[in-house]
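Chemist: Residue numbers (the numbering used here), protein chains in the order written: chain Z, 394 to 551; chain Y, 394 to 551.
In short, the hints are calculated from the structure, not lab data.
The structure displayed is predicted, hence computed values, not measured ones.
Yeah, the Cβ is synthetic: ideal placement off N, Cα and C, and Gly gets one too.
One or more hints might be untrue.
[What the hints assert, rightly or not] Residues from chain Z that face chain Y, not an exhaustive set, calculated with beta carbons under 7 Å:
| no. | residue |
| --- | --- |
| 1 | Leu-439 |
| 2 | Phe-473 |
| 3 | Tyr-522 |
| 4 | Tyr-525 |
| 5 | Arg-529 |
| 6 | Thr-530 |
2 protein chains.
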Amino acid sequence: MELKPIGRIHSPFTQAAGTPIQPRFAFGSNGHCEVFPEYADGLRDLAGFERIWLLFWCHRAAAASLSVIPYRDTVERGLFATRAPARPNPIGLSCVRLVGIEGNMLHIAEIDVLNESLLLDIKPYVPEYDSYAVERTGWIGERGLNIAAADGRFQQEA
Amino acid sequence: MELKPIGRIHSPFTQAAGTPIQPRFAFGSNGHCEVFPEYADGLRDLAGFERIWLLFWCHRAAAASLSVIPYRDTVERGLFATRAPARPNPIGLSCVRLVGIEGNMLHIAEIDVLNESLLLDIKPYVPEYDSYAVERTGWIGERGLNIAAADGRFQQEA
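This is chain Z alone, in the form it adopts within the complex (with noise of 0.2 Å):
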């Protein structure tokens, strides 16, 4: 299981603190993908997609702990209940609006991911496969606090 990195994330955001904590809430941040050319092929036909998820390499997030305080709780949840970055394998997963392409760049809006984070895959947002109504959605439902950003609790010490 080794991942190659398929292109970088270009974003406003050089440090955890003050970054949105999900696209849903980034709305105004704008940055960019840089694919790297020889993945570009792969490109065709992404533009018609409004949305997409880009799966990145958390590159600054600390060491996973099994149990953590995420920023909308202020008590311990297990770690696999939230969307911290610091986990065994750290995979983000963001919902992005997709602007634009020009040639291997993706235009991005409502970014919500760290300058220079790896890109590891893109996939067309669609809804019938990831849109879903539930009725229970655990202790976000039941006390999420009215958080939009981070702060450095999940990032390395530099």
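Please arrange chain Y on chain Z, whose structure you already have, making use of the hints.
Modeler: What follows is chain Y alone, placed relative to chain Z:
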């Protein structure tokens, strides 16, 4: 960027042919995820969520091609505009229904994953983060065929 499996997925599907192409088409397909004991503490609080994302390694996927004929079309599309499993980083992403948790075992419904796939991550499904109404869904919206099950086209030769 080294991946370590956090568990193993058990499903009724031992071959790509006949496997649902997405959880949306997997009604009645049940399986389970065995989370390795050293990660079990990270499952606390997860049972409150109705659906979860599974990230897993598509261990049977063929080598990536940047142009593929996806299941739901008859012409070639850029790989990143499809959800085909044969990708530079063959990371599968499935939004499955979490039926219950017993110790380190997750009982799953609506599963579309091949048996014995290695589990990389579990994230809670949060509609606020993951569910977007979009207007444009590219070739899938324009031409998507009514196909619910895979064939062997993206599977490694045995």
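Chemist: All hints are to be evaluated individually against the structure, with a verdict given for each.
Modeler: Hint check:
For Z:Leu-439, the shortest C-beta to C-beta distance to chain Y is roughly 4 Å, which falls under 7 Å, so the interface hint holds. Among the interface hints, the one on Z:Phe-473 holds; its C-beta lies about 4 Å from the nearest C-beta in chain Y, closer than the 7 Å criterion. Because the beta carbon of Z:Tyr-522 sits about 5 Å from the nearest beta carbon in chain Y, less than 7 Å, this interface hint is met. Nearest Cβ of chain Y to the Cβ of Z:Tyr-525: about 6 Å, under the 7 Å cut. The hint holds.
Because the smallest distance between the Cβ of Z:Arg-529 and any Cβ of chain Y comes to about 4 Å, under 7 Å, the interface hint for this residue holds. Nearest Cβ of chain Y to the Cβ of Z:Thr-530: about 6 Å, under the 7 Å cut. The hint holds.
Consistency with the previously given hints is maintained throughout, with no hint failing.
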